[in-house]
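The task is to assemble the complex, starting from two chains supplied on their own in separate frames and drawing on the hints.
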Amino acid sequence: MTDQSLPTPVGTGRGRSAPAAKRRHGGLAPYLLLSPSLLIIVAIFGLPLIVMFILSFQNWSQINEFSSALKGQWTGFTNYTTLLTDSQFWQTTLRTVVTATLMVGLSMTIGMLFALLMRQVSTWARYILTFALILVWSIPALVSTLVFQWMFNRQYGIVNVLLGYNNVHDWLVSSIDGWGVVIAVVVWGATPMVSIMMYAALTQVPSELVEAAQLDGANRRQVFRHVIEPIIRPVVLIMTSLSVFWDFQVFTQIFVLFSNQPNTQFYNLGIWSYVEGWQYGNYGVATTITACTMVIMLVITIPYLRQLLRIGGDAR
Amino acid sequence: MSSSTAFTPAATGVLGSESKDASAARVAVARPRSRRKQYVRWFFNLVAVAIAMVWIFPIYWMLLVSMTPIGSIYSIHPQLLPSGVTWFAFSQVLHDPDFWTAFRNSVIVTFSTVVISTFVGFLAATAIARFRFRFRNSAIVLIMIVQMVPLIALIVPLFYIYSKIGLSESLFGLVIGMLALSLPFCIWTLRGFVAGVPADLEEAAMVDGCTRVGAFFRIILPLVLPGIVSTAIYTLIQTWTEFQLTNFMISDQNHFTLPLYLNHFLSANQQILYNEIMATALLMAAPIVILFLLVQRQVASGLTAGAVKG
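So the protein lines, in turn, are chains A and B.
Residues 1 to 316 in my numbering are what the first sequence spells out, letter by letter.
Residues 1001 to 1310 in my numbering are what the second sequence spells out, letter by letter.
With the rest of the complex left out, here is chain B (with noise of 0.2 Å):
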C-alpha cells in the first residue's frame, strides 16, 4: 500500500496548510502525473470503502438480528437482507426501567474515569517527559510492567481489600480501579505528546509576555489536544465496555453498569434472546461512535497535530 504514492503532497496535505503553497508548486511542474495521482486516490478510497464494509459486516448482522422477530432467528436459511423488520426488541429495551439505571451509572463512572485519567495522566506525563529526577527510570518501568498483570489474579485479594475499606459495591471504587487500569496507557501516549511540544515554545511565549499558564493554555494545551483526544477516546471505550474487574465489583443490580446489565440479561433467561442482547449493544455503542463523530470533525478542523512547528 505504501509502495504507490505514499507521502505525495497531495497525501501529505491531510498535514495541514502550510503545504498548499509547496504541493501547488509541485503540481504545476508534474502535471501529466496528476490524473494518474487522482485515479489511485479513487482507488484507494474503493479500497477503503471495501474494508469498512468487511469490518462492519459483523454489526451489521447484530443490526439484522435484533430487526428480526425471534421465532425467524433460527431459520435454516439466513438471509442477508431483512425479510420483516421490527422495532420490537429496541422498544423492549428501551421501555426497561433497568436499562436506564445503568445506563446513568455508566455515564457516571465513565465520564469521571475519562476527566480524572485524562487530568492526572497529563501531570504524570509532564512530569516523565519534561523532568529529570530520582526513580524516574522505576516509575516507567512500573507503569508498563503493571499492564501485563493478569486482571483475574488480581481480583481475589482487590476483592479483600476493597470490602474491608468498605469501596465495594460502589461507583467510586469502581472509578478508582477503572482509573488503573486506563491509567498506564494515558500517561504513555500523553508523554509522547508533550516530549513532541519543544520546550523553547513555552519559553518563547513567556518571553513574549504569557504567564505560564497563559502559556500552557495557548500553547501547550492546542498543541498536545489530538494526543488528549485519542487518550480520552481510548479511556471511554475501555471504561464503557469493561466487564470483568465490574463483574467482581458490582453484585447489587441499582450500581450496574452496561455491561453488566448485558450479562444479567444473557444468564437471567433461558433462551437466548439474540435479538434483543443485540439490541441492547448497539444501543450501548451509538453514545460512543455519536461522541466520536463529534470529536473527529474538532479535530480535523485544524487543530490537527503536525502543527508541532514552532
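Just chain A, with the same shape it has in the complex (with noise of 0.2 Å):
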C-alpha cells in the first residue's frame, strides 16, 4: 500500500521504482522460501481437512476404526438437511456468534486501549504492566480456568465475599452469569497478546511522521486516524481476525469451567460438535457442525480477509 511507503524519506521517491521492479520476479526464489513453511502447513491442516469434509457427507460412528472411514456409507447430504432443520443448531449457533462478538469487541478494546497507554506511561510502568501482561499470557487456559472457577465458587470464592453474596450466589447456573464467567477467563487470557501485539505495531509509527502531520495542523484524531492507523492496520486485521476464528472455538475455558459436563444453555458450536462426536459417536454429524462453523467464520471475516489480501497482495 502506499502509505506503507510513507516512512521513506522524500527524494527514494523516483530512485526505487526501477530496483523494485526488477527484484519483482525472482524467479524460483519466492518458491523455494516458501516452500518450507507450505509443507508443513499443508501436512498437518490440507489432507485432515479433506478427509474432514469427506467425512461430512458419510454416515460414519467407529472413530476407533479409522481405516473404515471413507468406505463407510455415502448419505449425501442428509448431514446437513439435518443439521439445518434443527432448531437446536440455530440456537447453538446464535449462541456462538453473540459470545464470540463480545469476546472479540472486549478482548481488541481492552488491547488497544492498553496499547496505547503503554506508550504514554515512564518505562517503569510500562515494565510493570507489561510484566503483569506476560505472566498472564503465559498461563495455560486450563489452570486460568481452574482459577477462575475456584475465584467464583459459591462457597469458598473470593469473588463472593469481595461482593458480598458469601456463600449465596451461584455463578455457574443462570446463562447470563455462567457466560459472564467464560467470557471473563477467555477476555481475561487474550488481551496480553492482542495488546503486547498492538504495541509492537505502534513502534513502528515514526515520530517523526507524527510530528509534520502535527506540525502541519493535524489534530490528535486526525493523526491516529491518517497517520497511525494505515500503519498499525495489519496488525489490527490479523488480530481481529484470530480473535474471531479463537473465540468461535473457544473449548477449553467452557468444558473446565463446567466440570467436563456443560449444560446444553453452555454449548458453542465447538463443545457440540465435540460432544456428538466423541460422547454420542455421531463423527459425520460432528464434522458436518465443523463444516458449517467453518463456513459461518469465512463468512464473518471475509471482509478482513479481503483487506489482508489487499495489504499482503502488494509487493515491495
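For the record, the hints were derived by calculation from the structure and aren't laboratory data.
Since this is a predicted model, take the numbers as computed values, not measurements.
Keep in mind that the hints are not guaranteed to be accurate.
To be verified - Stretches of chain B that chain A covers, calculated by requiring three or more beta carbons in the stretch to come under 8 Å of a beta carbon on chain A:
no.	region
1	1120-1133
2	1141-1154
3	1221-1230
What the hints assert, rightly or not - Straight line, CA to CA, 20 Å or less: simulated SDA-like cross-link-like pairs of lysine to any residue:
no.	chain 1	residue 1	chain 2	residue 2
4	B	Lys1037	A	Leu215
5	B	Lys1164	A	Val42
6	B	Lys1164	A	Leu47
7	B	Lys1164	A	Ile50
8	B	Lys1037	A	Gln214
9	B	Lys1164	B	Asp1252
10	B	Lys1037	A	Arg221
11	B	Lys1164	B	Leu1245
12	B	Lys1164	B	Phe1248
13	B	Lys1037	A	Thr123
14	B	Lys1164	A	Ala43
15	B	Lys1164	B	Ser1251
16	B	Lys1164	A	Leu39
17	B	Lys1037	A	Glu211
18	B	Lys1037	A	Trp124
19	B	Lys1037	A	Arg220
20	B	Lys1037	B	Val1047
21	B	Lys1164	B	Asn1247
22	B	Lys1037	B	Val1049
23	B	Lys1164	A	Trp124
24	B	Lys1164	B	Ile1176
25	B	Lys1164	B	Val1175
26	B	Lys1037	A	Ser122
27	B	Lys1037	A	Asn219
From the three backbone atoms N, C-alpha and C, an ideal C-beta is built for every residue, glycine too.
Below you can see the structure in the form of C-alpha cells.
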C-alpha cells in the first residue's frame, strides 16, 4: 500500500521504482523460500481437512477404526439437511455468534487501550504492565479456568466474599452469569497478546511522521486516523480475524469451568460438535457441525480477509 | 485515553533519540504546559499500575492457594492476605522426577519450534513481502484460512496419518504439529516487518560495498528484530502451553510435556490438589516470564523499531 511507503525519506521516490520492479520476479527464489512453510502447513492441515469434509457426507461412527472411514456409507447431504432443520443448531449458532462477538469486541478494545496507554507511561510503569500481561499470557487456559472456577466458587470463592454474596450466589447456574464468567476468563487471557502485538505495531510508527502531521496542523484524532491507523492496520486486521477464529472455538474454558459436563445452554458449536463426535459417536454429524462453523466464520471474516489480501497483495 | 496528551513529543520520545532535539525545542516554547504534562503522565502511570494489579489478581490468587496447606484451602472465609505460608506444594512438585522429565521435553519441543518457526516463517515472509509470483495470493489465502480450522476436527484424521508414518508418540512429530500451528501467524506478522524495510536500504548497503548476506545481517535483521522477537514470544508461549494437540499425539508418560503433566496430575488424584496444581502452573510460567524480561530489555535498549528511516 502507498501508506506503507510513507516511512521512506522523501527524495527516494524516483530511485526506488526501477530496482523494485526488477526484484519482483525472482524466478525460483520465492517458491524456494515459501516451500518449507507451505509443506508443513499442507501436511498438517490439508489432508486431514479433506478427510473431514468427506466424512461430513458419510454416516460414520467408528472412531477407533479409522481405516473403515472413507469406505463408509455415503449419505449425501443428509447430515446437512438434518442439521439445518434442527432448531438446536440455530440456537447454538446464535449463542456462538453473540458470545464470540462480545469476546472479540472486548479483547480488541481493551487490548488497543492498553497498547495506547503503554505509549503514554514512563518506562518503569510500562515494565510493570508488560510483566503482568506476559505473566497472564503464559498461564495455560486449563489452569486459568481452574483459578476462575475457584474464585467464582459459591462457597469458597473470593468474588462472593468481596461482593458480599458469600455462600448465596452460584455463578455457574444461570445462562447470563455463566457466560459472563466464560467471557471474563477468555478476555482476561486474550488481552495480553492483543496489547503486546498492538504495542509492537505502534512502535513502528515513526515519530517524525507524527510530528510532521502535527506541525501541519493535524489534531490528535486526525493524526490517529491518517498517520497511525494505516501503519498499524495489518496488525489490527490479523488480530481481529484471529480473535474471531479463536473465540468461535472456545473450548477448554467452557469444558473445564463446568467440570467437563456443560449444560446445553453453555454449548457453542465447538462443544456441541465434540459432544456429538466423542461422546455420542456420531462423527459424521460432528464433522458437519464443524464444516458449518467454518463456513460461518469465513462469512464473518471475509471483509477482514479481503483487506488483508489487499495489503499482503502488494509486493515491494 | 488517547484524548489528552496523545502523541506529544514527550510521549513519542520512546521511539528513538532522533526526536530529542525537536522535542527539546518544543518543550522550550511550551514551558507552561510541561508541568501539566507531568501530572498527566503520573496519572497514566497510576492507571497502568492499577490495571496491572487487576490483571495479575488471579495469578496472585494462584500464588496464595499454592502457599496454603491443602486443609485450609476449603475455608468458608477466604482471606485476601495469606495467614500461614508454606512452600510445601512447590517442594513437592520440584522433587517429582516426572516434573523434570516433562520440563525437559517441553524445553526441547519449544526451543526447536521457536527456532525453526522463526527461520522458516521469515523465509516465507520475505517471499510474500518482496516478490511477485504465481500462486502468491493463493498462498496468502491458504495461510489465513488454515487458522480457522478447528483442531478437534483435525485430530482424528491427523492421528491416523501420524500412526501410519510412525510419527505419533515422538517429540519430532509434535514439533511438526506445533510448527503448523504457529507458522501462519509468524509468516503474517513477519511479512509486515519485512515490508516495512524499504528495499532501497538493502540496495544502498550493497552499493556501499556490503555483500547480500552482509546487508541482511547489518541492515535488514536489526530493523525486523522487533518483529522477530514478538513472533518468537508468540510461538514460545503457544508451544509451551499447547494442550489439545499434544494430548492426542502423546500418551507415553516419558514424552509428556508440562501441560500434559499438569493434566495427568489433575486426573490422577481423587481430590483436586489445588495447591500443587497452582504451584506447578506458576513454575511453568516462570521461565517464560524470565525470558521475556531479558528480551524486553534488549529490545527497549535501542534496537527499537521506528528506526525504519533510511
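How the hints compare with the structure:
1. 1120-1133: Coverage by chain A holds here, the residue count being 12 at a Cβ distance below 8 Å.
2. 1141-1154: holds (count 14)
3. 1221-1230: Satisfied; 3 residues make the cut.
4. Lys1037(B) / Leu215(A): holds, 19 Å
5. Lys1164(B) / Val42(A): holds, 17 Å
6. Lys1164(B) / Leu47(A): Between Lys1164(B) and Leu47(A) the Cα gap is close to 14 Å, so the pair holds against 20 Å.
7. Lys1164(B) / Ile50(A): Satisfied, since the Cα-Cα distance of roughly 17 Å is no more than 20 Å.
8. Lys1037(B) / Gln214(A): holds, 17 Å
9. Lys1164(B) / Asp1252(B): Satisfied, since the Cα-Cα distance of roughly 18 Å is no more than 20 Å.
10. Lys1037(B) / Arg221(A): OK: Lys1037(B) and Arg221(A) at ~19 Å, within 20 Å.
11. Lys1164(B) / Leu1245(B): holds, 17 Å
12. Lys1164(B) / Phe1248(B): holds, 15 Å
13. Lys1037(B) / Thr123(A): holds, 16 Å
14. Lys1164(B) / Ala43(A): holds, 14 Å
15. Lys1164(B) / Ser1251(B): With a Cα-Cα distance of about 16 Å, the restraint between Lys1164(B) and Ser1251(B) holds, given a limit of 20 Å.
16. Lys1164(B) / Leu39(A): holds, 18 Å
17. Lys1037(B) / Glu211(A): The hint holds at about 17 Å.
18. Lys1037(B) / Trp124(A): Holds, because 17 Å separates the two Cα atoms, which is no more than 20 Å.
19. Lys1037(B) / Arg220(A): holds, 15 Å
20. Lys1037(B) / Val1047(B): holds, 15 Å
21. Lys1164(B) / Asn1247(B): holds, 18 Å
22. Lys1037(B) / Val1049(B): Judged against 20 Å, a Cα distance of about 18 Å means the pair holds.
23. Lys1164(B) / Trp124(A): Violated, at about 53 Å.
24. Lys1164(B) / Ile1176(B): holds, 15 Å
25. Lys1164(B) / Val1175(B): holds, 17 Å
26. Lys1037(B) / Ser122(A): holds, 12 Å
27. Lys1037(B) / Asn219(A): holds, 17 Å
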